Every structure is written in C-alpha cells, then in structure tokens.
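Build the complex from these two chains, which are given one at a time in their own frames, with help from the hints.
These protein sequence lines are chains A and B, in that order. The first sequence runs 1 to 446 under the working numbering. The second sequence runs 1 to 182 under the working numbering.
To be clear, the hints were calculated from the coordinates, so they are not data collected in a lab. Check each hint, because a few of them may be wrong.
[Stated by the list, open to error] Subject to a maximum C-alpha distance of 20 Å in a straight line, what follows is the list of computed PhoX-like cross-link-like pairs (lysine-lysine):
#1 A:Lys48 / A:Lys58
#2 A:Lys48 / A:Lys232
#3 B:Lys28 / B:Lys64
#4 A:Lys194 / B:Lys40
#5 A:Lys139 / B:Lys40
#6 B:Lys28 / B:Lys40
#7 A:Lys142 / B:Lys28
#8 B:Lys64 / A:Lys194
#9 B:Lys64 / A:Lys146
Note that the coordinates shown come from a computational prediction; the quantities given were computed from them, not determined experimentally.
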Amino acid sequence: MKSLLLPPHPKERRVVFQNAWTQGYTPDIECYEKHGGYAELKKALGMKPTEIVDEVKKANLRGRGGAGFPCGVKWGFIRRDDGKPHYLVCNGDESEPGTFKDRYILHNDPHQLIEGMAIAAYALNANLAYIYIRCEFPKAAKIVTKALQEARAKGYLGKNILGSGFDIDIHVHQGAAAYICGEETSMIESLEGKRPYPRIKPPYFPAVLGLYMAPTIVNNVETLCHIKQILKIGSEEYSKMGTPGDGGTRVMCVSGDVVRPGPYEIPAGGVTLGELIFDVCGGLKPGRTLKAVIPGGSSSKILRAGESFKIKSKGADGEMIEKEIPLLDLVMDAASLAAAGTMVGSGGVIIMDDSRNMLWALNNLNQFYAHESCGQCTPCREGVLWIDKMTTRMVKGEGIAQDPATLQNVADNIAGRTVCAFGEAASWPVQSFLAKFPEEFAVGEK
Amino acid sequence: MEHHPVSSSGNSPVIAQAETIPADLLAKIDEAVTHYPVSKRSASLPLLHLWQNHFGFIDDSAVKWIAARLDLEPINILELVTFYPWFRQQAPGKTIIRVCRTLSCAMAGSYELREKFCHSVGIDPASDHHHGLPTSPDGNYSVEFVECLASCGSAPVCLINDDLHEDVTEADVPKILTQYLS
Chain A
1 MKSLLLPPHP
11 KERRVVFQNA
21 WTQGYTPDIE
31 CYEKHGGYAE
41 LKKALGMKPT
51 EIVDEVKKAN
61 LRGRGGAGFP
71 CGVKWGFIRR
81 DDGKPHYLVC
91 NGDESEPGTF
101 KDRYILHNDP
111 HQLIEGMAIA
121 AYALNANLAY
131 IYIRCEFPKA
141 AKIVTKALQE
151 ARAKGYLGKN
161 ILGSGFDIDI
171 HVHQGAAAYI
181 CGEETSMIES
191 LEGKRPYPRI
201 KPPYFPAVLG
211 LYMAPTIVNN
221 VETLCHIKQI
231 LKIGSEEYSK
241 MGTPGDGGTR
251 VMCVSGDVVR
261 PGPYEIPAGG
271 VTLGELIFDV
281 CGGLKPGRTL
291 KAVIPGGSSS
301 KILRAGESFK
311 IKSKGADGEM
321 IEKEIPLLDL
331 VMDAASLAAA
341 GTMVGSGGVI
351 IMDDSRNMLW
361 ALNNLNQFYA
371 HESCGQCTPC
381 REGVLWIDKM
391 TTRMVKGEGI
401 AQDPATLQNV
411 ADNIAGRTVC
421 AFGEAASWPV
431 QSFLAKFPEE
441 FAVGEK
Chain B
1 MEHHPVSSSG
11 NSPVIAQAET
21 IPADLLAKID
31 EAVTHYPVSK
41 RSASLPLLHL
51 WQNHFGFIDD
61 SAVKWIAARL
71 DLEPINILEL
81 VTFYPWFRQQ
91 APGKTIIRVC
101 RTLSCAMAGS
111 YELREKFCHS
121 VGIDPASDHH
131 HGLPTSPDGN
141 YSVEFVECLA
151 SCGSAPVCLI
161 NDDLHEDVTE
171 ADVPKILTQY
181 LS
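Chain B with its partners taken away, still in its complex shape (with noise of 0.2 Å):
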C-alpha cells in the first residue's frame, strides 16, 4: 500500500485529489473498469480501493470523480464510503496497524496487545475510534481494533500495512514496530 497522507490542518491549501491523478492510476481505474462488462457500476468499489491505496483516503472530489467515471450520482459513492468499515475520508497514519478483537484472539491477548501498540506510538487508547483512526501526534502511526482477521489458530494476531503478524506478544512490539519506521 502506498499511502500519501495530506493533512487537514496545516497552512497550506488542501488540494482536492482528483486535481491530481497520476496517469498510472488513471491505468489501473481503467483496467479495473474491464472487469465489469455488465455493469460499470460493479467498479466502484475496485476504484475506491485504487483510489485509497493511492491517497490514503478518499475526500470529497474522489466521490464525485469515481461517481462521474462511473455513470453514476456522487451519493452512489458516498454511501458505500460510509458504509464500509475499510474506507476512510480522514488521512491515516503512514502504518496502519489492525489488531484483530474477536473472540479467539482476544482470549490470547489482543486487547492487552493493542494497549501495547498504542502506548508505542504515543495513541492514548481510550481514542475515539468512530472520528478517523486513532493516528500518533508524528502521523506515523495508526493503531485499530478490527474484527476477525481468519488467523484464529495463530491468534493475537494483527494487519500491518498488508503483512499479517501471528502469535504476537506484547514482547514482539518494538521489534515489528522498527520494520516499518518511516
């Protein structure tokens, strides 16, 4: 994943991201598009996915540019933004990291290991997780509960960037955190 955040608070004036496509992603969006001969509209979520790799997020001139690439009204896009858990419209850290919660992995540890990345990184975990990710003071880091990552038998286990840790302990923080320094 590559991400590029922008962040909403500095000084500099927030360029809207659909000013800025480059022509490799204009690429893949079309490629994407082939895949669906029956319905264009198939594509959305393939192109926010696209999109979000690229931006790290999708902001307001993203839904009305995926809306218009795919024949489509901006709220046919904003509504599944909003609707799935993997989309964001706020910058996240430059690591994303998913501790998974559910059952399995939470009897192994997995609350006492998100406590654990979260004091790392400076993110105090009582973070409101429903307003954006919870993102360290740096931008480097974000840390987030997710649900069931289908690793159960390895479990604590969590999603770094697009690498699965299994059997983590709390031990293992600062060795894992050191892979993805920025």
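Extracted from the complex, chain A is given alone in its bound form (with noise of 0.2 Å):
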C-alpha cells in the first residue's frame, strides 16, 4: 500500500497503526519488545480487572468492525464472578467491502493485538481466547500463530502468565471464505464448528450465551489493539482524541476514484469528508468530480455530491441548535454521519466519481450480497437473489418499468426480518441507490 510508506499526513495520527510501517520494525517480539510491547500487559495484570473496563468506559472506545457498539459497555455485560467459563473472541474475519486495515495490524504488528488481547482476556476473566482469521488471509494466519508461539515462549501467555496468577491462551482459528462469519454470533457457530447460521438475540447475545453457551466477548482486531493503546495513554487523553462518545483514532479505508486511496489513522471527527478526499487522499482524479460516496463499508447508506443534512449541535450556550451541512462538510464520526441517515460503520470509505454508473455499481453490491446470504432466513435468502436478478437484467438493458418500485418493494420487505443484521446490510444500498439516484434506475426514460 503505497500510502502507508509515505510520512502521515497531518490530520493522521497513527497510534494502531504506529509502529506497522516505522522503517525497520518487524513483526517478531524481540522488535515489539524494543517499542514498548507488553508493557501495559504488565500494567493491566497489576490492576484491578473492573479498573481495565472502566477505563476502555471512559475511553468512549466505540467497536471498530462496523456497528460502533460501546466497546466497555459490551465488556459491562460479563459478569466477572460469575463461576462460568468466558471466552474472548477476535474478528480478523475483515470482509466488508471497502474495508482494509485488520491485514496490516495481523501482518506488521500482530504482538500489538495480541497484547490487547491478553490485557482484555484478564479484564474479563477469561481463559480461552480465539483469533478468527478469514482464509483469504494465509500469510496472517501464520504470522500471528508464530507471534503466538514467541509470546508464550517469553511467558505473556499460556499458565499463570508474568507470575501474575492468570491463565490465558490463544490460538488461530482460519475462516473459510464467508463474509457471514463476520457476524459474532455466526462467528461462534463457525468456531462451534458448524455452518454459520447467525443466532437469534435476544436469547443467544454472545454476552450471555456465547461459544460454547459461556459468556463470550467478540472483539475487532482494531478494537482490541486500541485496548492496549488507552492503557498506554490513559483513558482521559485517549478520549480526546475523539469526540464525545467516540474516543480515540479510527483507521479510514478510503478507495475508489481519489489519487492517494489508503487506510489512514485519523482521531474520531478530526475531518470532514470533503477533508478527507481533497486533502488527504489527494482529491479526485483529474478532470473528474465527486458523485457519490459510501462512507462506512458498502452496508451503508450511500452519500450524494451536492446533498446536504440538518444536523443538530450543541451551541456556545449549551442549547442544540440545527445547522444545515453540506456533505463535504459532513464530520466522520459516528454521530454526524448516523445525523446524517447512514453510518461510520468500518470506516471504509468507498469514493465514486462522474464517470460511474449507479446501477452497476449496485449491481455489482447485489451479487456481493447474494453470493454471501447464508440462507437461513427466507427473505433474504431469496429476496436478495431476486435483487440482483433484477438489477443484473436492468443492467443488460432489459428492465421493465415497475423494476425499480419492485426492488424497493423487495427490500423494504427483507430489512427488520431477519435473524442478524445481514438483512439491514444487503437492503440498505439498494434502498439509499434508490432514494439518491433515482434518475438511474428509472426505465425506458434515458
């Protein structure tokens, strides 16, 4: 990635992604150890567990896969004396498109989430813990499972680990090429070894009956190195780096049609999207203008050029009051774009410009989501291959004209139906296409 080698822009701050691409560090503890690594571990084991999870509270960590869930209110849900087991789950499962920021942690700097994982293991009280890796990432699976085996060798894993009384082990756990084993409760089903039908919530919240029907915490790769990141700073200064409620950095994965496309560590609403494009990614190609964005993976509602949202804020005087933004003006965090109908989700940024035709980059998301429907509930397993029959057949210029009311019709109908949030994840783009671009789905009009 040729954005990583070049110095971070000055709206980035690289605190995940700190040492992944510093010049001569590599992913063996010995170098880890050099920059620090499995100091705040040390810490961590020195502290009470329920000060680790106030601490990821107050660090308003929000989850870095793509729902935003308050990463220390998930961790509130275990309760530690409980007397049952608890397990500790990663998602390195990194399959939303427009997506790419797991690969570099798990292939430059695996000790940092490892570390992360050890400290949120021992605040949880948990003593097995899983790396679920999706497949398509072979050379992640072995690097991690090498970083594994020198952090047991040196004692930061394994039985009573720095003398501190606590267990804890961690072993790889390879995917098999099913963008569904992203949702946790789908993951564990994987990890159960069986297809991965997403459980139903409530009852089954990981949190309460999760692998193996224990207390299970499920953790983004992301997530958890910020772990170790809000021991080293503190959750007060973390926090600041963000806005209220979203603390800390988040990696943009910005691609598409900019000149400078990368994942960059930027603090929680430290830019506008027009910042973004313009500024750091380099803006649009030449001669071209910007005509939709995808903020947050391509389950989110995709983004108009020229629209603009009501938005309200907090005024000098501490009374909301509405503005109207327009969207390169919008803030990426999590409640501006939430204000403005869709969503940070995993941070991936996918930006088109006014050489693309709408219709087939819908199209092209409909066999991404038909190809990926587990099945299990029927209006999304079959609702969503009827949406890219549909929109397949109007791309060869074969719609008829109720086409679009039909597809709207279909996906109203899959979203809210359905046991995981799939259902929400393959509906919203043909619902936001819809709404923002209706011109280019209508038929016999062009």
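Structural data, given as structure tokens:
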C-alpha cells in the first residue's frame, strides 16, 4: 500500500498504526518489546479487572468492526465472578467491502493485537481466546501463529502469565471464505464447527450465551489494539482525541476514485468528508467531479454529491441548534454520519466520481450480497437473489418499468425481518441508491 | 499451499485420500485438535483446511475420516464442505488465481483482469463457476472470482495461492504467471 510508505498526513495520528510502517519495524517479539511491547500487559496485571473495564468505558471506545457499539459497555455485560467459563474472540474476518485495515495489523504488528487480547482476557476473566482470521489471509494466519508461539515462550501467554496467577491461551482459527462469519453469532457457530447460521437475539447475546453457551466477548482486531493504547496513554487523553461518545482514532479506509487511496488513521471526528477526499487523499482523479460516497463499508447508505443534511449540535450557550451541513462539511464521526442517515460503520469509504454508473455499482454490491447470504432466513435468501437478478437484468438493458418499485418493495421486505443484520446490510444499498439516484434506475426514460 | 491434484478422469484407479494420510498431516491434525479443549467439533474447519492444503480437495473418504476423528457424523462435515466456499470436492489447478470481484476492485478493472487471466491460461471466461473451479486444460491453473479480499486501496487485487498481488494491471499478467510456472 503506497500511501502508507509516505510520512503521515498532518490530519493523521497513527496510534494503532504507530509501528506498522516504521522503517525497520518487524513483526517479531524482540522488536515489539524494544518498542514498549507488553508494558501495558504488565501494568494491567497489577490493576483490578474492573479498573480496566472502567478505563475502556471512559475512553469512549466504539467497536471498529462496523456496528460501533461502545466497547466498555459490551465488556460491562460480563459478570466476572459468575462462576462460568468466559471466552474472548477476536474478529479478524475483515470482509466488509471497502474495509482494509486489519490485515496490516496482523501482518506488521501482531503482538500489539496479542497484548490487547491478553489485557482484555484478564479484564473479562477469560482463560481461552481465539483469533478468527479469514482464510483469504493465509500469511496473516502464519504470522500470528508464530507471534503466539513467541508470546507463549516469553510467558505472556499460557499458565500463570508473568507470575500473576492468571491463565490465558490464544489460538488462531481460520475461516473458510464466508462473509457471514463476520457477524458475531455466526462467527461463534463457525468456531463451534458448524454452518455459520447467525443466532437469534435474544436470547443468544454473546455476552450471555456465546461460545459453548458461555459468556463471550467478540471484538474486532483494531478494537483490541486500541485496548493496549488506552492503557498506554490513559482513558482521558485517549478520549480527548475523538469526539464525545466516539473516542480515540479510527482507521478510515479510502478506496475508489481518489488520487491516494489507503488506510488513514485519524482522530474520530478529526476530518470532514471534504478534507478526507481533497486533502488527505489528494483529491479526485484529474478532470473528474464527485458523484457519490459510500461512507462506512458497502452496507452503509450511499450519499450523493451536492446534498446537505440538517444536523443538530450544541451551540456555545449549550442549547441545541440545527444547522444545514453540506456533504463535504460532514464530520467523519459516528454521530454526524448517523445524523446524515448513514453510518461510520467499519470505516470503509468508497469514493465514486462522475464516470460511475450507479445501477452498475449497485448491481455489483447486489451480487456480493446474493453470494454471501447464508440462506437461513427466507426474506434474505430469496429477496437478495431476486434483487441481484433484477439489477443484472437492468444492467443488460432488459429492465421493465416497474423494476425500481419492485426492487424497493423487495428490499423493504428484507430489512427488519431477518435473524441478523445482514438483511439490513443487503437492503440499505438498494434503498439508498434508489432514493439518492432515482434517475439512474428509471427504465425507458434514458 | 501444497496441491496434489488427483485426476478423476484418468485411467488409473482413484485411491481414496483417507488411504494415504502421511504422518506429518496426522501430527498436524492431532495438534489442531488440542486447540479446542472444550469441544472437538470446533476442530472441523481446521481439519478440513489441513486436509485440503495437503490433498487439494475433500473427497468422500475425507468426510468420513474427519467425522470419525472428531466423533461426529459424516453429515456434520459434509454440510461444512458444501456451505463454505473455500472447500472443494474436485481437484483444482496447481496454481489457483482468485481475482477480487467486489466494488472497488471492479471499479479498477477486475472484470477485465479476470478475463485476461482466463485467456492467458486457456480458460473460457464464461465457464460455469459453480461446478468445480474453472481449470486450464493442462491442469496448471484455476481462475475464479472471489468476493472482497480486503485490499480495496490497492485495487484491483488477486490472491494467487498464498500471495496477494496488488494494483495489478492486465499488462502485469504474463509476468505474474511466470512466477507460478509449474
């Protein structure tokens, strides 16, 4: 990735990425220790587990996998002393189209993840953890497996780690090319050796009935690396890097029609969309104008160039005021993107310029969801296939006048009617593309 | 990845994979099972990976053998092989080329890239993807589209055996293929 070899952009603040591209930095444990590695694990083992959970809560760390749930709140669901076994699962199934950050951590700085996991396991009283890595990352699995062996040999993992009396072992578990496994209950089924059909919630919230029906926390790779960084710089400093309720930095993965695509680690809310495209990523390709932005992975609702949003914020006197915010002035944090009707999701920003056909782009995503639906719920299994068939037909110029209305109807009847959020993930692109670019879907009027 | 494709159309009798399990594979299987102290069933995917990495695909004997090793019914393994796209029941080419199909790569030309790979190794780009991997007549290459490989910033990308190739142009294809001469 060329952009990573450049010095950090002034808008960037590399925290979880701080070592990954340092000249001469290698993924072995000696190099990690030289860079302060495992110092926070030592610190953590001297703290009360509840103090660690409180630090994570105060840091306002939101999950970096897509759903953006506050990590400390999630951890708070685990009752440390309930007498049950607890498990920690790291979600390294990175497969939301537009998202590309976790692979770099797994390849270049695996011990940062392992340290974050050991700290998390101690805080959650989990003695067994798995790193679920998609099998399309074969090198990552090898690198992380080796790193785990090194950490075991040095006493950071295994029985009675660093003489603390706490036991934790971690293993790599490879997926098998199914996007659905990124959904946490699906991942748990897959870890149990089953077809990865997501579980229904309630009652199967992982923190209550997770892996092997025991309380389980599933966290994204980047999220777990932030745990180490929170202990390093303290929750107060960490949360200050972001916005209220969305602390720290977030890796924004920018792809598509920009001059310098890449993953950029930026304080939450630290850039507007316009700054991200035109400043950080060097702008659009020569002679092109902006057409559309998918802001948080392929499942997030698309935004159209030129639109603006009414967003409420707190004024200087503490009163809420409503302002009209143009698309390019939209701040890239969880609250602002939610107010614009979409989401920061997994940080996968796909930029499309005026050369792009929105019907073609939606059809590409529809094929993805049709391929990846696990087939458990009828509305999704059938609906997503038909959505794909319809847009495939429309791309060939064989659409019929009622196709846009039928697409809308089918999408509306998937979202909210499935066991997991895949139903929404597959419907939101259809609903938002139709709403934002109706002229590109009208049949027979071109 | 090691691949030892077994031809199912040749004249020599097909030997069941479970008849020829080498000692090092058995050792790896035993080690993998220890990673799951709570439930052996959890080792299903790891065992299928180890098996496929060695034999190239999963045959009927493998399904029965893995099930027996984990105290499961064969259907518990077969239903994984048929669900997860990574597992195959037919021999692939010696080199497997997986081109990313999803949006950012498609915008950067991955459809054209896949066709270029297909034409370069003698595969009909229109060949059916759902009945075994499209494989070149000499058995050297398989080419398939896969969904997002999570490298959208260096699109288009492809995964060839274990190697990720980034920012691949059609002009790069001949040079890339020479790295995988069989």
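Results of checking the hints against the structure:
For the proposed pair Lys48 of chain A and Lys58 of chain A, the alpha carbon gap of about 16 Å is at most 20 Å, so the pair holds. Restraint check for Lys48 of chain A and Lys232 of chain A: satisfied, since their Cα atoms lie roughly 16 Å apart, inside the 20 Å limit. Proximity of Lys28 of chain B to Lys64 of chain B is assessed by CA-CA distance (about 18 Å); at most 20 Å being required, the pair is judged to hold. Using a Cα cut-off of 20 Å, the hinted pair Lys194 of chain A and Lys40 of chain B holds, with the two alpha carbons roughly 12 Å apart.
Our distance criterion of 20 Å between C-alpha atoms is broken by Lys139 of chain A and Lys40 of chain B, whose separation comes to about 25 Å. Straight-line distance between C-alpha atoms of Lys28 of chain B and Lys40 of chain B comes to about 15 Å, which keeps the hinted pair within the 20 Å bound. As the CA atoms of Lys142 of chain A and Lys28 of chain B are separated by approximately 14 Å, the hinted pair is consistent with the 20 Å bound. Between Lys64 of chain B and Lys194 of chain A the alpha-carbon distance is near 16 Å, which keeps this suggested pair within the 20 Å criterion.
At most 20 Å may separate the alpha-carbon atoms for a hinted pair to count; Lys64 of chain B and Lys146 of chain A exceed this at roughly 31 Å.
When each numbered hint is compared with the structure, violations occur for hints 5 and 9.
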